[in-house]
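Residue-level listing of the chains:
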Amino acid sequence: MIQINNVTKTFGGFKALDQTCIHVHKGSIYGLVGPNGAGKSTIIRHLTGVYRPDEGELLIDGQPVYENPALKSRIAYIPDNLFFFLNDNLKDMMRFYRDLYPRFSMERYELLREAFPTIDEKRSLRRLSKGMQKQAAFWLAVCCMPDVIILDEPVDGLDPIMRRQVWSLLMSDVAEHETTVLVSSHNLRELEDVCDSVGIMDKGKVVLERSLSDLQGKTTKLQVIFEGDLPVFPKELPILHISNIGRVYTIIVRESREAAAKLLAPYSPLMIDTLPLSLEEIFIYELGGAEYGIKDIIL
Amino acid sequence: MGSKISFFNKGIYKKTCKRFFPWSICYGLILLVILPAMSGIIYNNRAVYSSDGTTYRNTLTGLTGELVEYTASLMPFLIVIIAFAAMFAGMLIFSYLFKERAANMMHALPVSREALLITSLLAGLTLLLLPMVLAEGITVLLGLLFGITYYALLHAKLLLAFCLITFVFFSIAVFCAILSGHVITMPVLFQIVNFVSLWCWLLGGLMKELFVFGCSMSSELSTAAKYLSPIIMLGSEFAVTEYPDALAASDLYTGTVICRLNFQMVIIYTLCAVLLLAVSLLLYRKRKVECAGDILAFKGTAWIFQILLATGTGVLFTILLYSFFDYDIVRMPYLSMLFFLLGTPFGFFAGRMLIRKNFFIFRESAKGFVIFAVCALLLMLSVKMDLYGEARRVPDPEDVESVTIDFYDSSVQDKDAINEMIDLHKQIVENRAMLEKRRVKNPDAYEEWDHISIRYRLKNGGLLDRNYEIPYNEKELSDSSSLIARIKAVSSSPVFTKAYYLTEDFVPEDLTNVTFYNQSWQDMDAAEDSADGETSEDIFNESYYVELSREEEITIGEAILKDIEEGHLKRQYAGDAPFSYDQYLQYEIKLDNPSELYRRNYKYESITINEDMNYTIQALTDMGYISDEHPLTVNSDPMVGYEKDPESEVISPDPVTPDPQPAAISVP
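Residue numbers (this note's numbering), protein chains in the order written: chain A, 2 to 300; chain B, 130 to 797.
Heads up, a few of these hints could be off.
Unchecked claim - Sample of chain A residues facing chain B (criterion: CB under 7 Å; computed from the structure): (1) Thr49; (2) Glu68; (3) Ser74; (4) Tyr78; (5) Phe84; (6) Asp100; (7) Met107; (8) Lys219.
Because the hints were derived from the structure by calculation, they are not lab data.
Idealized CB from N, CA, C, for every residue including glycine.
Build the full structure now, drawing on both the sequences and the hints.
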């Protein structure tokens with residue numbers, strides 16, 4: 002559904018995107034993660050037709066996005082920094098979107114009123130709290146009946162109940178209407194629960210793009226105790242990270258659990274235990290290899 | 130889902146109109162106050178004022194005159210209001226381009242840029258035109274209601290013109306909005322677009338005045354500069370003109386059209402505005418959304434912005450320093466160059482700071498500034514050294530259609546006179562080194578000065594103006610081969626004298642409205658002292674002037690002509706003592722073509738009688754206006770003898786030292 006091929010974007014000499022490639026299947030939820038300044042928001046602005054790429058192509062459903070109003074009417078976008086017109090309330094914005102999005106569903110709008118009971122439709126949106134503004138944005142976005150929803154830090158500012166409510170709405174949309182969702186977030190714990198696939202960005206490039214199950218299945222955390230000191234491993238071994246507490250070594254290997262255990266077997270460990278990795282750990286260890294590891298800073 | 134190309138979006142149009150309608154109401158209120166409300170006040174005042182027996186027709190005529198006069202006086206002000214309203218509308222409606230969040234949101238909407246621009250344009254025009262239509266509509270209705278047909282018709286035409294002018298200024302505002310990335314830059318660019326030609330004209334004029342021998346700043350804005358400055362052009366040229374004559378000649382009850390509105394010019398501007406919108410659309414398609422919040426949306430325009438600011442501060446600095454030290458700027462071109470260069474870094478670096486939004490830009494822009502300063506210096510030096518030949522330029526006689534000395538209403542087409550003037554011009558240019566050397570010296574200490582201004586109208590339609598300061602001393606005046614003597618001889622030759630006082634092809638029948646003035650100040654002084662109750666004003670009214678009959682006009686025309694041809698009447702030039710009789714003639718001469726300077730079809734001139742004007746004195750004597758009872762009296766006022774405005778002298782008579790001669794007697 003979404004194809005981003007070798008997109009490059011430069012801002013005054015700074016390369017924000019460098020040959021970026023992303024592929025998202027129809028009816029899936031794609032999580033875009035990466036450190037600050039990795040280029041997530043930039044790629045999202047390209048996907049919503051705000052920015053024009055210097056190089057490469059961005060296609061949604063096989064069509065370029067930039068200056069394609071027909072295609073953009075099938076895309077709903079919730080930015081990290083919301084914008085509402087001065088003094089406009091939710092009803093005003095609803096009318097505005099209704100005029101712009103041909104598939105806007107009033108029926109859905111009415112139905113969703115129950116989902117967002119705390120929002121006063123007649124109150125100026127700019128006077129609502131950040132969380133409420135986010136809720137209002139969701140309410141309007143899903144009423145546009147989009148084929149693609151693009152979210153930049155969507156649940157930032159929402160309380161836990163509302164977060165669950167919002168994710169539930171999105172997932173039901175994906176299930177019922179085969180909506181494709183691309184979501185950028187730093188909340189990896191939540192992405193882990195909802196995403197089908199994940200792309201990790203760093204320095205304008207996608208360093209890793211896989212389905213979540215694949216990603217989690219192909220990276221293993223091993224806790225190992227060796228008889229003596231840590232053996233010297235050959236460089237060919239796909240080891241992402243090694244740390245230790247006493248004699249217990251934690252080794253992250255980019256392999257499945259079985260393959261990882263087999264890799265270390267020749268070194269005769271006294272004890273070896275394989276553990277699943279969370280998305281957050283994968284993110285940290287993958288980017289650790291890209292010189293974005295957690296530094297042991299002592300103050 | 131159909132994908133149709135659309136250039137209009139109803140949702141955005143509705144939203145924009147709804148968001149900014151309070152602003153539109155404010156604009157409407159201003160227009161309502163200055164158009165219908167003020168007209169109503171004038172009407173009511175006039176109705177009360179004229180209830181003392183004046184006829185309805187006269188009342189209506191006077192009222193219409195007052196209302197038209199009010200409208201006419203309002204025109205430049207209204208043009209400025211329309212321009213500023215358009216600018217503010219542009220700032221508001223295109224504000225989404227200047228803030229990152231708004232820009233991202235608006236450009237993520239399913240609307241093409243073409244549709245976004247055109248919809249915003251239409252919304253802006255709606256917000257600007259609705260109040261205008263309302264205010265002018267009420268004014269038209271008011272006129273019709275009170276039976277002032279002409280006034281209603283005038284405002285109906287004005288409504289159309291104002292709508293087009295609004296379109297013109299809003300198009301400029303749209304163009305500026307697309308070029309700028311910040312809400313503050315937009316109005317600055319709007320002013321630059323409107324006044325950049327004026328600025329270039331001023332800068333070019335100043336440069337010529339400073340560095341080109343014989344060139345000076347024109348007192349009048351060039352046509353090109355005016356056309357490129359819509360506020361100035363529309364404000365000054367699109368006007369209700371010459372209404373009093375027309376009012377007098379027209380039947381107001383039938384609403385005869387008398388106004389002269391320059392619709393042709395408005396149409397030209399409208400077409401230009403359409404082109405400007407097309408350019409704006411092309412630029413908008415190229416514009417990057419990420420420039421929201423930057424000073425300029427297109428990086429290529431940054432250097433223009435910096436150079437404009439740099440030259441601005443350079444000129445300002447030069448003028449300020451000269452004002453501070455009280456120096457004559459024209460006499461020190463090299464010091465002017467230095468002052469200019471000292472002033473430019475302020476604008477250059479400030480511009481860069483604004484563009485980069487950073488104070489620490491000196492290292493990165495130092496190279497650019499050095500290049501700019503060197504280029505500016507080379508340009509000034511090349512102009513000063515006359516590398517382009519402008520100072521040496523003397524036209525070929527074959528290319529010259531006419532020549533004028535000092536006054537625009539006195540052109541001469543005579544071939545010999547043109548050749549003579551060109552020879553004189555060449556002589557002046559050849560003496561450039563001497564003239565410039567004496568110019569730099571303190572002019573007041575040793576020498577007298579006079580000016581000669583030459584204007585050639587070329588056959589290709591162009592103009593060549595030169596203005597020279599000519600120093601002289603007593604020795605040079607008495608030397609017939611000197612430059613000053615030559616200038617004096619040429620400029621006071623019968624051909625140029627005739628063109629100056631009359632016209633080159635003057636015949637006595639051309640003379641009209643001749644008035645003979647007998648300005649004896651002694652009468653006025655005597656009146657103040659008299660005890661018979663007569664005031665100086667009474668005496669003035671009785672004795673001051675007499676209007677000549679048609680026959681007398683022709684006779685006096687013939688006499689003046691003979692006096693000029695025989696050299697009795699000459700133009701005054703360097704060293705000439707003002708001749709000073711109290712008596713003078715004031716007259717008009719019909720022109721075949723409207724005057725270039727005053728844009729009227731007659732020339733207004735006066736001649737002070739001097740003792741050599743035998744034919745004129747004889748003619749006036751024959752008519753009985755000069756006699757033993759009414760002798761010519763010598764005036765000691767040194768200013769008399771030059772052009773004089775009798776009315777102004779009457780209004781504020783500043784009696785000169787009483788003349789010992791007896792008071793002149795009133796002319797019957």
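Results for each hint:
no.: 1; hint: Thr49; result: 4 Å, holds
no.: 2; hint: Glu68; result: 6 Å, holds
no.: 3; hint: Ser74; result: 4 Å, holds
no.: 4; hint: Tyr78; result: 5 Å, holds
no.: 5; hint: Phe84; result: 4 Å, holds
no.: 6; hint: Asp100; result: 3 Å, holds
no.: 7; hint: Met107; result: 15 Å, violated
no.: 8; hint: Lys219; result: 36 Å, violated
When held up to the earlier numbered hints, the structure conflicts with 7 and 8 and fits the remainder.
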